[in-house]
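Please dock the two separately framed chains into a single complex, following the hints provided.
The listed protein sequences derive, respectively, from chains L and Y.
Here the first sequence is numbered in the numbering used here, starting from 1 and rising by one per residue.
Here the second sequence is numbered in the numbering used here, starting from 1 and rising by one per residue.
Don't read these hints as lab results, they were simulated from the structure.
No false leads were slipped in.
Footprint (simulated), chain Y over chain L, 3 or more residues, beta carbon under 8 Å:
(1) 11-25
(2) 34-46
(3) 116-124
To give an idea of the chain Y side of the interface with chain L (calculated C-beta under 7 Å), a few residues:
(4) Asn-101
(5) Lys-145
(6) Lys-146
(7) Gln-160
(8) Gly-194
(9) Tyr-198
Note that beta-carbon positions come from the ideal geometry of N, C-alpha and C, so glycine has one too.
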Amino acid sequence: MRWKRRVLLTALAALVAWPIAHPFVVEALDLDPWRFCGFAMYATPSTYQRVYLIELRGDREVHLHPSWFSDDAKDRIQEYKRQRSVLGELLPPHEVAELVFAERPEIEGLKIVVQRDAISARTSRVTPEPATAFLYRR
Amino acid sequence: MTVASPGIADRVLAWVGGDDPATLGSKFFWFRRYVLLHLAVEAWFRYTLELPRQASDFSFALLYTLCLALGWWRRWTRSAGEICLIVVLAQIAWWFPHTANHLYLEGLIVLVVALFDPERPAECTAALRGLRWLPLLVLFYSGVKKLVYGFYFDASFFGQMISIDRRFLGFFRPLLEADELKRLARLGWPAAAGAGPYRIDSLPIQLMSNLVWACEILFSLGLLLPKLRRAAAVGCVLLVIGIEIAAREVFFGALFINLLLLYAARDLNRRLFPLFVAFLLWMTLIMFELVPRWGLV
Numbered sequence: 001m002r003w004k005r006r007v008l009l010t011a012l013a014a015l016v017a018w019p020i021a022h023p024f025v026v027e028a029l030d031l032d033p034w035r036f037c038g039f040a041m042y043a044t045p046s047t048y049q050r051v052y053l054i055e056l057r058g059d060r061e062v063h064l065h066p067s068w069f070s071d072d073a074k075d076r077i078q079e080y081k082r083q084r085s086v087l088g089e090l091l092p093p094h095e096v097a098e099l100v101f102a103e104r105p106e107i108e109g110l111k112i113v114v115q116r117d118a119i120s121a122r123t124s125r126v127t128p129e130p131a132t133a134f135l136y137r138r
Numbered sequence: 001m002t003v004a005s006p007g008i009a010d011r012v013l014a015w016v017g018g019d020d021p022a023t024l025g026s027k028f029f030w031f032r033r034y035v036l037l038h039l040a041v042e043a044w045f046r047y048t049l050e051l052p053r054q055a056s057d058f059s060f061a062l063l064y065t066l067c068l069a070l071g072w073w074r075r076w077t078r079s080a081g082e083i084c085l086i087v088v089l090a091q092i093a094w095w096f097p098h099t100a101n102h103l104y105l106e107g108l109i110v111l112v113v114a115l116f117d118p119e120r121p122a123e124c125t126a127a128l129r130g131l132r133w134l135p136l137l138v139l140f141y142s143g144v145k146k147l148v149y150g151f152y153f154d155a156s157f158f159g160q161m162i163s164i165d166r167r168f169l170g171f172f173r174p175l176l177e178a179d180e181l182k183r184l185a186r187l188g189w190p191a192a193a194g195a196g197p198y199r200i201d202s203l204p205i206q207l208m209s210n211l212v213w214a215c216e217i218l219f220s221l222g223l224l225l226p227k228l229r230r231a232a233a234v235g236c237v238l239l240v241i242g243i244e245i246a247a248r249e250v251f252f253g254a255l256f257i258n259l260l261l262l263y264a265a266r267d268l269n270r271r272l273f274p275l276f277v278a279f280l281l282w283m284t285l286i287m288f289e290l291v292p293r294w295g296l297v
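In isolation and in its complexed conformation, chain Y is listed as follows (with noise of 0.2 Å):
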């Protein structure tokens, strides 16, 4: 028996990293789990405070609960990730062009997800490794994206985001002198033409400015090298928390994490699993506000 060399491509997506057959199927199965569970919730959530609520969401909302139900048994596991993959297929293009970039990464996880079968261990290498490579691109390409721009130079961007968000106000309140904050306030948008300047001269809101993008593209590259992998992927985790404490789209930011979770040499999608179930619980009780937001929304 011969056993054929990796092309190309096969060794491409080995830079993410080898796998642990102990772990393998596990994470896979985790991870499946989690995504069927977080599109469920998620797509409750949006139904149930975006007003007015629309009959789309609702029947969004219904498809992901039939996919969840069904991907829980290991029997319909395969037809869950089939059809899921066609509701988030059919919500992208509802939404379209203002499909928000978070639901083109979801479909593509989904996409693995229908692809792959995680009883076989072949289909869960390549699967993993597929889901490897979309938070290492994503961070990649977002400080890629804030450095060609140049609005995080000065930190034009986060004042701008001051004066129409009160989300990255409220991030930024103890960070800035009251004067200079109510002038970004005051700024709002839209505004005339030669308003300005949204720049923000704070030495410190400078630097962060400057390290978002830097540790994105930093961390991200750190991924593909073996002896900065872990390291990395922490990095990368607690920029993500950090990013998520100003912009708080916590339901993306606790997917990205458990994308992130594939690194982890041990298997941490299923061992926080619970942990992840309970951040997706509390979300449900924010929605019939039965407990405190907490700023999370």
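If we strip away everything but chain L, and leave its shape as in the complex, we get (with noise of 0.2 Å):
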């Protein structure tokens, strides 16, 4: 009998701490607030994830559109942006890089800018959060 309580006293009080650092946690890498056991969820309004594929030419920046890609890849790179939204920059978009470079053989440099649009508190207007950029080389 006494383990069984020290287990439940033990799940209790992660229930007690953790969504005390829940929203610490979520700020510092960026995760979506509404997951992770943090009960914060229909406490902030929904975010989006904007992922920019850009191709460095020389001096150039050229975005790359998505139907530049294949279907597979169109998906793959959709299912980041879903992962990416939720883990935040746990997930870094490494594999995104080497899909593009599989897909697209003449391309030497890479940048991927991920960027997450919010509703902020103050202005109740959707705000662009900070971009975060990621340098690829082939």
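Given below as structure tokens:
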């Protein structure tokens, strides 16, 4: 009986402590506040994850349109966006870069920019959060 | 014989109220039954109505049904809880990182169900106290999070939900002027940078928005005060019903109300069990499209 009570108390202690840490972890890692048992569902509006693929051609930057990729690649990029919107910085776009290099052999340099659109609590308007850029060379 | 005085942990556990020995075992027994029934029906519901159908959802539904069948016999009730714990943990892992918060809560509930024996009064006491802490913490933190993030002060949260979710659009339709409703619905989501504002200027809606987090915090804290406990529990039940009228996560709502019933002096988990079975039966009939949905899903 004693060990059972200990397990119960440990679970309850975690349930007390984790939701306090949750917003700080969410903020630090750009996670989705609705997830990870922080009991913040319905506390914040939904956000929207944007992922921009940009070819580095000398000094120029050329945006890569999704229609330039195969259906499989488009699905995988879409899936990355879905996962990234939840996992934030825990999921850098390395696999997306590999995918782009595999599909487009002529590309030598690639920049992937990820950015989240959110509603600002202050203005109540859509405010893009600071973008994060990842640079890749073949 | 000496009786050991309760440690600090036991005293903290007991903050959520004492237990009448006459109803202790019965409350835990009927709550366990409801949990097993709930998990099985919810899993079949998800498998049937969420398209495209997933083989994983079918497997979970089948395993929960096995747990339900085992749990119906007293002889196998412990094993049913233990298997159910493995299944719910597997489901949490399967859906991670997209696991919904209610599934984590179900995991904690099943942990208690699996750990404690309903035939032993001392274990029932610990189990019921542990279970009573769950709705208290969930409601308290839900309210605090709404307060901290600040989207409920000017009802911005509802504004966005109206723009993207027909459940909320339907709920607020009678409460908002047609022009405001049209404006919010047009905003949509995702939207261009600068789009908005999503705030709702209607005073009654702002009042309602702020009442949500205030009631979640106050009613949950009320569960800790012996003199206010019963009233707070009734308030929590009404609040959950109100929230579910808009959010329509009715499975979660029914489970949560069952958790709150554990605060009742009388054995309401047993007495109201047929009502909740009727609810699950109705949801099963909805699953087979034999009855109208009545806005439940």
